[in-house]
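Each chain, written out:
2 protein chains.
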Amino acid sequence: MNHALDSGIPKRMRPDAPIGVFDSGVGGLTVVRQLMSALPDENIVYFGDTARVPYGTKSRETVRAYAADDTAFLLSHHPKLIVIACSTVSSVALDVVEELATGTPVIGTLKPSARLAAEHSISKRIGVIGTSATVASNAYQLEINAIDESAHVFSKACPLFVPLAEEGFAYHEATRLIAREYLSELASEQIDTLVLGCTHYPILKKIIGEVMNEIAGEPVRIIDAAEAVASDVAAVLREKRLLNDSGQTGVRQFFVSDVPQKFRAVAELFLGMELGGVSQVRL
Amino acid sequence: MNHALDSGIPKRMRPDAPIGVFDSGVGGLTVVRQLMSALPDENIVYFGDTARVPYGTKSRETVRAYAADDTAFLLSHHPKLIVIACSTVSSVALDVVEELATGTPVIGTLKPSARLAAEHSISKRIGVIGTSATVASNAYQLEINAIDESAHVFSKACPLFVPLAEEGFAYHEATRLIAREYLSELASEQIDTLVLGCTHYPILKKIIGEVMNEIAGEPVRIIDAAEAVASDVAAVLREKRLLNDSGQTGVRQFFVSDVPQKFRAVAELFLGMELGGVSQVRL
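Line by line, the protein sequences are chains C and R. Here numbering that gives the first Met the number 0 is used: position 218 in the first sequence is 217, and no number is missing along the way. Here numbering that gives the first Met the number 0 is used: position 60 in the second sequence is 59, and no number is missing along the way.
Just chain C, same shape as in the assembly:
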């Protein structure tokens, strides 16, 4: 028996196996963008559940059922690691994904951003914005307090930010008005750090940052999880000796559950580049 032969090793334990990434729609592409920049050689399989998007306005129960479907699809591509590039799923269904993944490492958006927030906040007054499902789960507060139990966490659901990002209203005055309304409560809590607890929100980062500083009266640090997620992925792959350093740009495959046209158009806004092939799958 020759264990060194690639063919004798399950695909998911080889460096050329893909990183599997999923989200309810296009938001997770902000994470893919960071992965491509930090780990350019990695092969990536992305799944966006565009036929059932959004997740964040739906119940925990429904999101858990959808997360199981998404994970099963990614597993059919034998990924060496799964990234949950959706804060709603990371908040309410991490255990569902981990259980199905049986040994394949799973990285969500929650822990990396909680860690960054706890590190950066000086006043220990931290704001979190996310979908209704994420905020209702209280998961960010638990995660931040697991790192620093003295931190005060203030959360606010911002359900209109996802459609505003998806519709390209990133710099629109209406987005600014809605941001003022959503963020004013948090500003009155005198937070010094604000976690973007949804992978769609980096698209609105400029307005969110400006409005936050304006109503807080002083600079508030904005935490975007995408970079932290990429750095965690690199660390885990390095530790497991699964980094792909072939020297060749990785192959990225994109799958969606609705027809690909709209995804392709919006994806360029999120990814900052043109997509190659996008395929439709039925779950």
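Since the hints were derived computationally from the structure, they do not count as laboratory data. Some clues are possibly wrong.
Put simply, identical chains are the same to the list, so a pair is met inside one copy or across any two.
Stated by the list, open to error - Lysine-lysine pairs mimicking DSBU-like chemistry, simulated, CA-CA at most 35 Å apart:
1) K261 with K205
2) K261 with K155
3) K261 with K123
4) K110 with K10
5) K205 with K155
Fit chain R to the supplied structure of chain C, relying on the hints for placement.
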């Protein structure tokens, strides 16, 4: 054989059979409201596909698949008539619903509002606002031109109106700004009539009407299909001798595909009254 015995007649051909109504979510309740007012004795079974809402930003193919699921669910309640209380489904999947309904009459939102618009417009310049799927289908234009081929129809997709209505931003300044942006193109076409081509939009009717008049510089007639749908339902039931005139208020049952809590809360805004029981079903 005694054909007069109720027990010998299929349930769907009896006056006490329910009217089946479906929508992607809560929007169709604006139609239920009119049905309850025009036909108070009728039993109603409502289904809202809240686990997969919205439909209007998704593809024709996906909406047709979902419409088939929704119709199958309603048929299990043996309705005497089916109302498609969703303009997206009425625009892209009427044939799917009719085929599955095999003889049970089907009424969508499209024909009644097209007829009203054609009747009311003097300049024969008619605007239609709806979801991206509805506008892409061109169905309103075809329907209005089938009634009056001289009419000019101008359409505009307003994808943010559904989330704004669902989140209760009916009178918010941000909604007004977004409405100005969406409606300015139509105003420049000098329309005298505007069709609300989505059952969510009556919730935003006040702002839509004000903005339309403001940028058009003169009054524009707003067409809300819900009343017209109720009047068509009454006419069809009368013709088929299926009107329920028991003298007793009808039983209304509500089913949704996500958990019922959020539906119940938003439903009161759309229905103008408290809901009784709401049950969850898995499609």
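Against the structure, the hints:
1. K261 with K205: both (24 Å within a copy, 31 Å between copies)
2. K261 with K155: both (29 Å within a copy, 17 Å between copies)
3. K261 with K123: between (41 Å within a copy, 33 Å between copies)
4. K110 with K10: Within one copy, since 27 Å is at most 35 Å while 56 Å is not.
5. K205 with K155: both (18 Å within a copy, 28 Å between copies)
Of the numbered hints stated above, none is contradicted by the structure.
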